[in-house]
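One-letter residues, chain by chain:
There are 2 protein chains.
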Amino acid sequence: MAERFPEVPGFRFAGLAAGIKKTGLPDLGLAVAERPIPCAAVFTTNMVQAAPVKVARERLSSGYAQAALVNSGNANACTGAPGMAATLSSSAAIAAALGIDVALVLPSSTGVIGQLLPAEKIVAAAPALVDKLAVHGAGDFAQAIMTTDKSQKTAYRKLALAGGEVVLLGVAKGAGMIHPRMATTLAFVFTDAKVAPALLRGALGQATERSFNVATVDGETSTNDMVLVMASGVSGAHVNEGSREAAQFEQALAEVLRELAEQIVADGEGANHVAEVQVSGTDSDAAARSIAQRVATSLLVKTAMHGKDANWGRILSAAGMAGVAFDPDVVSIAIDEVTIVRGGLGLGASAEAEAQKIMAGPRYSIRVSVGQGEGKASYLTCDIGHSYIDVNAGYRS
Amino acid sequence: MAERFPEVPGFRFAGLAAGIKKTGLPDLGLAVAERPIPCAAVFTTNMVQAAPVKVARERLSSGYAQAALVNSGNANACTGAPGMAATLSSSAAIAAALGIDVALVLPSSTGVIGQLLPAEKIVAAAPALVDKLAVHGAGDFAQAIMTTDKSQKTAYRKLALAGGEVVLLGVAKGAGMIHPRMATTLAFVFTDAKVAPALLRGALGQATERSFNVATVDGETSTNDMVLVMASGVSGAHVNEGSREAAQFEQALAEVLRELAEQIVADGEGANHVAEVQVSGTDSDAAARSIAQRVATSLLVKTAMHGKDANWGRILSAAGMAGVAFDPDVVSIAIDEVTIVRGGLGLGASAEAEAQKIMAGPRYSIRVSVGQGEGKASYLTCDIGHSYIDVNAGYRS
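As given, the protein sequences belong to chains W and F, one line each in that order. Here the working numbering is used: the first residue of the first sequence is 12, the next is one more, and so on. Here the working numbering is used: the first residue of the second sequence is 12, the next is one more, and so on.
One or more of the hints may lead you astray.
Copies of one chain are not kept apart here, so a pair can be met inside one copy or by any two copies together.
Okay, derived cross-link-like pairs now, EDC-like style, lysine to aspartate or glutamate, Cα gap no bigger than 20 Å in a straight line [unchecked claim]: (1) 65 to 338; (2) 32 to 131; (3) 65 to 340.
Worth flagging that the hints you see were computed from the coordinates, not collected in a lab.
The task is simple: from the sequences and hints, build the whole structure.
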């Protein structure tokens with residue numbers, strides 16, 4: 012664990028099984044700073060938002076918090092006033108056990124929708140959870156937030172700033188092929204950099220646009236999605252607005268989130284291939300992104316990926332649905348370095364056979380160039396196969 | 012055949028096997044009027060458009076045509092200048108055999124993308140095809156345009172107008188779960204009503220909005236989609252702009268197209284259930300349509316349909332992604348008459364069990380009411396199962 016979950020000065024972590032999951036697996040995680048520290052988050056844009064999302068968003072309006080509480084096994088979404096009460100009482104129990112103001116505890120939940128969170132289990136577990144808090148507890152925290160994830164997801168960066176070295180530790184949950192009741196992406200980044208709330212918020216917004224917002228599995232967003240960054244400042248290394256350090260910090264944050272997003276896309280139920288759809292040559296980056304997103308979310312492209320089929324007709328046709336004007340007769344398409352379409356025309360069976368060898372691998376790029384301008388964008392996607400149907404067509408139990 | 016493909020005064024039809032399909036099944040169809048008649052069409056909005064789409068659109072700018080030529084087995088899309096030449100020469104051969112101006116022949120193609128249409132086969136078959144033209148040949152025409160369709164698709168309306176009785180015969184192809192190389196929807200409506208081109212165009216636009224544009228299988232649009240209506244006028248019954256007859260005609264046209272669209276959605280590779288997503292209570296019809304479309308295209312909803320699971324959390328969450336503001340706490344959801352969510356809260360296991368009985372059937376409605384205004388809309392969709400993956404992940408051959 013030590014390598015994957017190194018210490019982040021200023022934080023302690025814990026995780027345990029509180030009995031929310033029927034399986035008895037760990038389902039309650041806590042991350043705590045030494046004092047109220049700058050925090051920023053982005054939340055789901057779904058109109059339907061779980062109680063913990065509403066509470067965390069409200070509490071974060073100050074720009075400061077001290078603890079992040081997560082449960083898996085129950086999303087506490089679509090649970091009305093009793094659900095709100097459950098979120099409030101469970102975070103209050105943690106605040107009491109920590110001896111801090113409840114407004115400093117940010118709750119989050121992931122799991123089945125429409126069932127009330129069993130707050131009493133969290134209330135009962137709160138003292139033990141706080142007792143377990145440890146500098147090297149991030150692995151336990153990561154374990155507790157897993158749902159259908161096949162593996163823990165983590166990313167780490169060290170960064171030499173003018174004021175000293177800082178670290179960023181990212182921990183996430185979310186499976187590529189999204190599970191019926193557990194569609195949520197939760198990601199946490201802990202850093203000891205000294206960053207003011209406004210800068211943290213801006214950096215997170217930029218970094219999210221370059222990571223989670225350009226990764227897709229099945230085009231769904233959940234009622235509970237959240238990406239949270241907490242900055243303890245314990246390193247003493249300042250990151251000031253407009254400074255070189257700010258650019259470095261934002262870049263490192265984007266890299267951590269990008270790595271987490273890629274781990275989520277790759278950890279698919281039945282997904283064997285991750286592709287980065289790279290679009291270039293549009294009039295603007297926004298146009299490139301529209302095309303990349305349309306290709307990345309096309310079911311026909313995703314099933315072709317599953318079949319390791321260099322089916323460029325589907326790629327080109329998906330690009331043509333993006334609502335972006337381009338001339339199909341100048342489009343090129345390549346799988347990594349192997350061009351299969353030039354000037355809008357297929358280059359034939361031997362080029363496709365070369366491309367299909369690459370598509371047998373776990374990761375490759377699908378490159379679409381529309382030959383008009385300097386715009387470019389990329390989007391992560393994965394294949395879709397039988398396991399997605401099996402997992403998602405099963406009855407809830 | 013006589014009942015499904017009745018005579019439409021003023022038209023003759025034919026279909027035969029020209030050798031374009033490797034299977035030797037019929038693959039060339041022709042519908043011909045006695046003279047140039049008013050015609051209107053809507054075409055795919057994909058930026059990538061096959062040669063026959065470009066040619067038919069250009070020829071239709073006059074508002075008149077006399078013959079519709081269709082081949083299956085080859086889409087002639089992404090085939091460049093040789094593809095354009097193939098479309099021009101094959102329609103020229105038909106025009107020559109008919110003894111009419113080539114500008115009166117509207118070509119269309121459906122099948123594999125990226126392979127050149129073997130025009131020589133159409134040229135060779137043209138005389139025999141024209142020889143076969145018959146008043147009762149619509150069944151042969153319908154047979155010739157099929158690709159992965161499990162059955163011929165047809166719809167029929169008789170309409171008593173002030174000037175006499177008119178008929179509308181619709182013929183379509185397209186499978187619910189869209190086949191890799193044959194993603195195209197082609198629909199043709201033949202009528203003996205007397206309608207000017209501009210009115211025909213307007214009526215088709217309206218009718219398409221109420222049929223094909225609110226039906227989804229996998230969110231893909233092809234390079235070759237076309238809906239064409241041809242009005243022979245032989246009945247002598249005039250349909251004039253703004254008249255009661257115009258409203259009647261438009262309604263009948265919409266019904267024919269709606270019936271064809273529903274047959275296409277139901278004819279899915281592995282699809283067992285068709286649902287009409289009915290959204291009401293929004294501020295506007297457009298808002299209702301956005302929600303209905305998002306629910307109808309949600310992979311998680313479509314896999315829940317496949318599993319016969321009244322998983323309202325997915326329905327509500329999909330609705331929440333539509334970009335339409337609503338209060339989740341006043342939403343109701345029902346499967347046909349069985350309400351499973353009221354005031355944003357699930358009504359429990361027994362209501363869901365009732366709903367799941369309905370979801371075992373071939374057709375039902377998913378009703379979402381957001382309780383705000385008078386807006387409403389509906390959208391047809393189908394479930395998605397293993398066969399979709401099998402068909403679409405297979406290698407092209």
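Hint by hint, here is what the structure shows:
1. 65 to 338: between (45 Å within a copy, 14 Å between copies)
2. 32 to 131: Answer is within; shortest intra-copy Cα gap is 14 Å, inter-copy 66 Å.
3. 65 to 340: between (49 Å within a copy, 13 Å between copies)
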